[in-house]
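Q: Chains as they are written, first to last, in our numbering: chain R, 951 to 1241; chain V, 951 to 1241; chain W, 951 to 1241; chain H, 951 to 1241.
Honestly, the hints are just simulated from the structure, not real lab data. Careful, some of the hints might be misleading.
[What the hints assert, rightly or not] To give an idea of the interface, some chain H residues facing chain W are shown, with a C-beta separation under 7 Å as derived from the structure:
(1) S1074
(2) I1128
(3) G1136
(4) A1144
(5) A1147
(6) L1149
(7) A1162
(8) I1203
(9) A1205
(10) T1210
Please read all numbers here as calculations on a predicted model, not as lab measurements. Glycine residues also receive a C-beta, built at the ideal position from the N, C-alpha and C atoms.
Number of protein chains: 4
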Amino acid sequence: MTLKLTFIGLGVMGYPMAGHLAKAGHQVTVYNRSTAKAEKWSTEFKGQFALTPALAAQDADIVFCCVGNDDDVRSVTIGDEGVVNTMKAGSILVDHTTASAELALELDTACRNAGLSFIDAPVSGGQQGAENGKLTIMCGGEESTFHIAQPIMSTYAQAVNLMGQAGAGQLTKMVNQICIAGLVQGLSEGLYFAEKAGLDQNKVIDVISKGAAGSWQMLNRHKTMIEDQYNHGFAVDWMRKDLDICLSQGRKIGAKLPITAIIDQFYAEVQAMGGARWDTSSLLKRLKATD
Amino acid sequence: MTLKLTFIGLGVMGYPMAGHLAKAGHQVTVYNRSTAKAEKWSTEFKGQFALTPALAAQDADIVFCCVGNDDDVRSVTIGDEGVVNTMKAGSILVDHTTASAELALELDTACRNAGLSFIDAPVSGGQQGAENGKLTIMCGGEESTFHIAQPIMSTYAQAVNLMGQAGAGQLTKMVNQICIAGLVQGLSEGLYFAEKAGLDQNKVIDVISKGAAGSWQMLNRHKTMIEDQYNHGFAVDWMRKDLDICLSQGRKIGAKLPITAIIDQFYAEVQAMGGARWDTSSLLKRLKATD
Amino acid sequence: MTLKLTFIGLGVMGYPMAGHLAKAGHQVTVYNRSTAKAEKWSTEFKGQFALTPALAAQDADIVFCCVGNDDDVRSVTIGDEGVVNTMKAGSILVDHTTASAELALELDTACRNAGLSFIDAPVSGGQQGAENGKLTIMCGGEESTFHIAQPIMSTYAQAVNLMGQAGAGQLTKMVNQICIAGLVQGLSEGLYFAEKAGLDQNKVIDVISKGAAGSWQMLNRHKTMIEDQYNHGFAVDWMRKDLDICLSQGRKIGAKLPITAIIDQFYAEVQAMGGARWDTSSLLKRLKATD
Amino acid sequence: MTLKLTFIGLGVMGYPMAGHLAKAGHQVTVYNRSTAKAEKWSTEFKGQFALTPALAAQDADIVFCCVGNDDDVRSVTIGDEGVVNTMKAGSILVDHTTASAELALELDTACRNAGLSFIDAPVSGGQQGAENGKLTIMCGGEESTFHIAQPIMSTYAQAVNLMGQAGAGQLTKMVNQICIAGLVQGLSEGLYFAEKAGLDQNKVIDVISKGAAGSWQMLNRHKTMIEDQYNHGFAVDWMRKDLDICLSQGRKIGAKLPITAIIDQFYAEVQAMGGARWDTSSLLKRLKATD
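Bound-form chain R, shown alone (with noise of 0.2 Å):
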């Protein structure tokens, strides 16, 4: 069945994602803040662009959003010239951006409001994911609404799944980047404590990584890191972006996160560094910075 959908956001995530759509013969209409880029986007995958979220949202069954941050999508879906003043009546709005789960809520509710649905689907996978159609995506919304929108969004995915009522999905998304943190620093001291002992620390992963102190990171960021090669992955500045919203959401309901708290206080001193863009495994460049 080809659907008309929008896309709105085009950064290294959406254009990507769009792309999947346009491929697999939905009929896409893009907007971006940059035109050139929904110009390029459009010529590159015969689809159309608009100069307006509210122009590329007009008729369209389902509209994808992801951009930078919560006033970001604030803009496009409920501002002045957002996609909520012309969708259509029972279409449905997913926001892939990480945002708070505060904002998935007044989305849920301005939806409600207009006769439309909403879903916050927060994406993990980075660019590659998105790239390869490899997303995880985390969803949060009716159930009647996901089973609408869950197949469209594994053109770019390999996992979509339902994690409970509006904000669900964001909330999710924080566990995973509350688990991270921790993780990395803990990676980041093994691999430190490594070279100051004169380890071989490829050896030492080699050795570690099948027990009991492995995981993704020490699996697919050890090589990177020991080869001080930050220039990828996730970038340090999203990652802050993201551990305030899990700190503001801990505040909200009583979690505490100690370590999380001071790991993103270690981040601030990544981004003083010049580390803004680089992967979050720069943790380990701290560490090494006042030697």
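Following the hints, complete the assembly by docking chains V, W and H onto the known chain R.
A: Just chains V, W and H now, kept in the frame of chain R:
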């Protein structure tokens, strides 16, 4: 080839390890502080037991040792009734205790002076790994010695690795424990947050465990953590002993371990809660303690 | 000189502060969210009360405000019934609320646009300081405005300081709270250790309080800490509100606050223990919680 | 009354302390590892020097000791040429070294066995306090012994306090160092934030130092901290030695010291930056290191 082997220390690890040696057809003599257990072992595995380490080690080709801490090792090796006093020229001492790198160097020297060879060989894989013969062993010592001892250790190990000179086994084990501390705290904060946020914790783990937040601990410990079950696994008391070794070594080699240091203190809180024997994943229980 | 003054917010701080103004002979009109308290105040201090901030601020030479948080301030100043709507040209708005520096800049602009002057003026010294008229006030704003408002604020302050342009008062208050967080945790760990070590805690404080470990908190809080009494002083809920402001500001200006961030999380544990209204020194009680 | 006194260890503390004893008219014999310094001292203060601790201690009424660490103390007291071998029956050994409580108990027992009395007596007040005779001394031991030694120690102290049985002096000193660690980090984060916020740091300290954030460190260290001057005061190397003692003791008595533990690691970063001899207030410099 049948060897004459000695095993010192029949704790939850040593008991089955020595058993594997006997079952492989070697002639094994054991020593244990409480003789009752040594007697039980000798009945079960048709081996010998001796009343002192020195007596147990006479004529042995290789002497294995797996006891509590540095001082325990000193006592059974270079102490008055220690094995070094009676081991025959050219034989090998293998220490499976997780201990300091300093001790490894001390024993290496003592062995050299006595015409013996030494390997420090701490293990990972826990009680289950010892029972199933699936331990991972991290060795420090001479290559020629390693090549003799390696096949014998393979009786109870899935991997036996030479990491470098004497002490390198202990240092590798330290890296392992350092990586675990941060990882488990991150996982605990994540699961705690998930519960507070009203998410289905098992579903969350299903979704995120394959991605960037994934780890052995997440896969193998989330169920018991969610069920608040900690009467299993690697005990907090042992973890604190190991982290003490890591932090002392860090002090010596100038390796900063900020998060390892504070998590060691969190484990002190777990001990104070009565969790001395709980699994290391009980950091989650600590987070809930003040709720 | 008798002035027409308005005071918005009659909490434990504002109530006595407004009282000092009335006792100094000024003509004071108050506003409070719950009118009962405003009425009580007007009876006690022979002043007026009004039913909205806007009504209270008519004809005032200076309007003071001391409410809960940023949003509360916005509501009573630039909200629909806020004071800025009715303040006469050339009059001054003084905000005693501990709030964000961003809010101070926002109000400064709003006042300029309305032909008014603004001073952010958070206080320290607590309820007792407010009652005794011994507060310390940290101001941000224009010097000429400060010179008019300073003598009036002196009615309830022992020190009124101009720290810089708008926002500088709030920023100074943040420095104060940041210094306190680390200090109180250090003091708590010290007293806790002393108890565990079996020392006479009072005697220890007698000896060390004059030296390099000495502090206002040690001098003024050790007795209640030792007695496990926390129903007094500066509430943990307020401290967390303030630390949230500090951490947000730190994020904005690139100031890393690792220990402030983690102690803020320790305060979350105190809240979870039921300590929302306890004094900030209750970090000691948190250390004991797991014993 | 003129006594025969012995002083072991002529470092920056011991040299002037022994000098005060001589100037008070006592007959003082000193020992120092490097004899040149002992000779210099004996010339300056018209005393004697000896070539071993044992020789120095013969006939002494009280033997004072102020050396580096536990092992140094053991060497000069119960070592082969230690003072305990030659001290006369009924004489007193006073240890001014900041050392472990365990050592204090060990020496107390050794002294009792030799018919001697022991007092552990660590000091605070720094080099300046030693030179001006204004130290604060925290003692552990028997009251009767204390009453004999107290007036002699007053020669170089403004306060000499008996805190309890043997070890209580050391434990009190630990409380002092624990309180300082958190306090100095809080102060550092505060001053750092102030600078980043563009405030006049000196003016800020003027305003907040009398209130709830005030401390000896704020009063006495803010100027040098603001000027980035750390070549003075209490060296980071010594602080780490002391914190190591605190953390080991905490481990023994079950006292959790989370922030002390992590700040000890921050001091490791200062050492790595080349700050081994910098004042403890150099935690501020660490915060700036990644800027």
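Q: It remains to establish, for every hint, whether it holds in the given structure.
A: Checked hints:
{"no.": "1", "hint": "S1074", "verdict": "5 Å, holds"}
{"no.": "2", "hint": "I1128", "verdict": "4 Å, holds"}
{"no.": "3", "hint": "G1136", "verdict": "2 Å, holds"}
{"no.": "4", "hint": "A1144", "verdict": "5 Å, holds"}
{"no.": "5", "hint": "A1147", "verdict": "4 Å, holds"}
{"no.": "6", "hint": "L1149", "verdict": "6 Å, holds"}
{"no.": "7", "hint": "A1162", "verdict": "5 Å, holds"}
{"no.": "8", "hint": "I1203", "verdict": "5 Å, holds"}
{"no.": "9", "hint": "A1205", "verdict": "4 Å, holds"}
{"no.": "10", "hint": "T1210", "verdict": "5 Å, holds"}
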